[in-house]
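**Q** One-letter residues, chain by chain:
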Amino acid sequence: MQFTAQQISDLINGTIEGDAEVAVSEISKIEEAQHGSITFLSNPKYETYLYSSNASIVIVNEDQLVKQPVQSTLIRVKDAYTALSVLLDAYNQLRFDKKGIEEPSYIHPTAKIGKGVYIAAFSYIGPYVKIGDNCKIYPHSYIGDNVTLGDNCTIHAGVKVYYDCVLGDRVIIHSGAIIGSDGFGFAPQADGTYKKINQIGNVVIGNDVEVGANTTIDRATLGSTKIGNGVKLDNLIQLAHNVEVGENTVIAAQTGISGSAKVAENVVLGGQVGVAGHITIARGTQVQAQSGINRSIVEPDKKWAGTPASNYASQMRIQVTLQKLPLLEKRILELENLINKK
Amino acid sequence: MQFTAQQISDLINGTIEGDAEVAVSEISKIEEAQHGSITFLSNPKYETYLYSSNASIVIVNEDQLVKQPVQSTLIRVKDAYTALSVLLDAYNQLRFDKKGIEEPSYIHPTAKIGKGVYIAAFSYIGPYVKIGDNCKIYPHSYIGDNVTLGDNCTIHAGVKVYYDCVLGDRVIIHSGAIIGSDGFGFAPQADGTYKKINQIGNVVIGNDVEVGANTTIDRATLGSTKIGNGVKLDNLIQLAHNVEVGENTVIAAQTGISGSAKVAENVVLGGQVGVAGHITIARGTQVQAQSGINRSIVEPDKKWAGTPASNYASQMRIQVTLQKLPLLEKRILELENLINKK
Amino acid sequence: MQFTAQQISDLINGTIEGDAEVAVSEISKIEEAQHGSITFLSNPKYETYLYSSNASIVIVNEDQLVKQPVQSTLIRVKDAYTALSVLLDAYNQLRFDKKGIEEPSYIHPTAKIGKGVYIAAFSYIGPYVKIGDNCKIYPHSYIGDNVTLGDNCTIHAGVKVYYDCVLGDRVIIHSGAIIGSDGFGFAPQADGTYKKINQIGNVVIGNDVEVGANTTIDRATLGSTKIGNGVKLDNLIQLAHNVEVGENTVIAAQTGISGSAKVAENVVLGGQVGVAGHITIARGTQVQAQSGINRSIVEPDKKWAGTPASNYASQMRIQVTLQKLPLLEKRILELENLINKK
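Chains as they are written, first to last, in the numbering used here: chain H, 1 to 342; chain V, 1 to 342; chain W, 1 to 342.
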């Protein structure tokens, strides 16, 4: 498929500088772009590529200064990065227009399936499931008994959603993610064994949530594990039973949140962070990768780091001093020798 | 389905205070329970809810004092938390009574299947597999060649069990868990490449074990990776080749245990803990989340924390002092200035 | 199947000491080996087992001294560990000779399938896929649109490969691994929400790569996430979008590498390591388990440890001193008291 600069500019509300009829068929990085491809310049660090690039079209910010001759047609937009995202949306929509029901698939007769859906071969849709309009269910997905999906959801290959869970609209779940597995709850017995506490709650996921590959979200013991609207979860994350994550919170890969912890809205957690059970994290909190949060964070909009986590700035000072620790010990010893001599 | 206070009390060996004929149809948390639901009070912290709750029935400990009027029928039992667990068992048994073989499924003609089993659509049962009585195999499960399952096992959707592995009775494996993948063994070659060491051992799992979602347990190079009776593993845990985990040990999410490490019985490992290869951890050991254990723990029943892990109490002192480290450096400098002046 | 010492010795280019006609039917660890089994001695630590073992055959290094009588037939080879690996290869080849296409499977009519392949029941092979000769595709594998597999690949049960990804020859992917899931890219919007940046790149995997169970490798935003020839990845690893891993690099379980980081060749990363985005790690670097690398490592062939990581030797000194930190504080206080008295 080929598109002209004019067609693309119309799509992203841009202004063209150069040949409006030049056509492209692929999207590339600015440092690798060849003739016939479109690219973008958002980070000023890469400006030199603008002058050396062979790309047929470059999307730039409207205030981008051009200090040397450029070969490419430019499309100026308010924000080049956002415009790229609009462009990719359109590209993906053209590309991934799968529709219909492939065979063999298993759809229980009591399930209600919306309009315009794609249900791939080897999908399993259990009893009383509701699937909204325009959902795409890729192969080997398991939608357990009585699960509800809103409209326009994408369930990638091999996702498993246990019974009773509820997903909003425009939810994207990546391959291997598990929604609604049993929370880790056991009652210790007098003989040293553990008795399983059955987990009969569910997981409720809001609108516009994305869940990364192989991430696990346990169902609540009672009630619901809750993921707010607009939450973005990376890969291999663990959310335990009865966790609540507020709207527009973003969590990077391999982070784990223990049972009943409540993370407020607009929080950013780095990768490999650990959050203890039953604590709360205030809105707008930012936590550095690999930190361990073992008590509640009450004040909003602060940065934290370290294990156990403390204020980011003081943690940075601690880390700098830590590098000098053997030297500090030596200085103490020298002081002791001096004092003892006097 | 509705149940009366009398029916429930009989099930959990309780004593009724109030209307024995009141009926409930759902189980709720005490702070959210409405008319028509049953709840429980175990943690004294939540006692005030007992007086404000709209629940039709509340299960309480037999020694629970009632200091204000309550609307709900009470059922007194020895331990409310355990009684809840019994109740949930009964609820789950009623709910999850799936039986029979759904199509399409793949069952090799040499496989031996017990009585009363559920084998879902898209299950794959390989050659020479033995499945015990009353096992439930959910969709997209893969039971590789020559695998043995005991009785009353639950294999959730999408579990993969590689060839030759052995599971005991009443084992529960959650979605996405991988049992018997190859251990990570490679012989370094003179040219900088690595040659794979084939892993021909297996995984042997005892009775009453639960394995969390997306947890991975590698097969042994030779011999067996061994998971003892009653072990409970949370989600996203890594157990490497030839690891041994003793009876009734509990491991929280995202913890990793390196090759040939031996964890004894009744150990509790927190989340995101790392255990080095070829070491042993004594019975009853407790390890705080995010700790790193890099040498054997010989003395039983002790608490450990930190990376590298040390005695819990001394680790707590270190962490407190660490917060003051930049200040300590300043105090050393002041001492040096004072001494040099004298 | 039984094999004589002579047959095995021929296979591994060994020299026999003892009965060349003794036959074995299984491979065991030296400390557990019984009559009828073959074992090996590579680590001198286990030499005493050589004299007590009931194994029918023991493979030893050619320079192994025999200080006491042995019952077993010995096969001397240049390197016992490598010989074992050759032996296991042969064993595995005999055992895993699956061929042909099982039903039901889904193979799109536009897919091109090589010779001698095994495609298990419930495999999904999408449009325009190319599968090389002698590949083995186990059950519940998803090979997305336009994916290319080289020759002799093994795709274990439940692997998901998203569209457009490219795998080389002799690649082994373990169960639950996800190749080509979307990178974690979102543009923050003025109202606090995030807009998804579609990820239209792919993942390119070289020859002789092994990917562990439930590991996730995200596709590039644009361009390719690149895994070099001979790379070995353990279980539950996260490689983010646009990461590049150089040839013969080895990464242990649960390690995470953030977006656009470049790890050079012959690097060894321990388990649970975190690597920040957009940094580079020099060739031959070794990183201790649980470390956090937050800036580029420029000098090759060095050892690193800690969070933030520093030179291994200095990190070890810091860790030792850290254990004495509360004591150091006390010594500072004593000095202050002494000084103030003078």
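Wrong hints could be hidden among the right ones.
Just so you know, same-sequence chains aren't split out, so a pair can sit in one copy or run between any two.
[Claimed, not checked] Computed cross-link-like contacts, EDC-like style, restricted to lysine to aspartate or glutamate with a CA-CA straight-line distance of at most 20 Å:
no., residue 1, residue 2
1, 130, 79
2, 303, 151
3, 262, 32
4, 324, 334
In case anyone wonders, no lab produced these hints; they're calculated from the structure.
Here the structure is a predicted model, which is why all the values come from computation and not from measurement.
**Q** Hint by hint, which ones does the structure fall short of?
**A** Numbers 1 and 2, in rising order.
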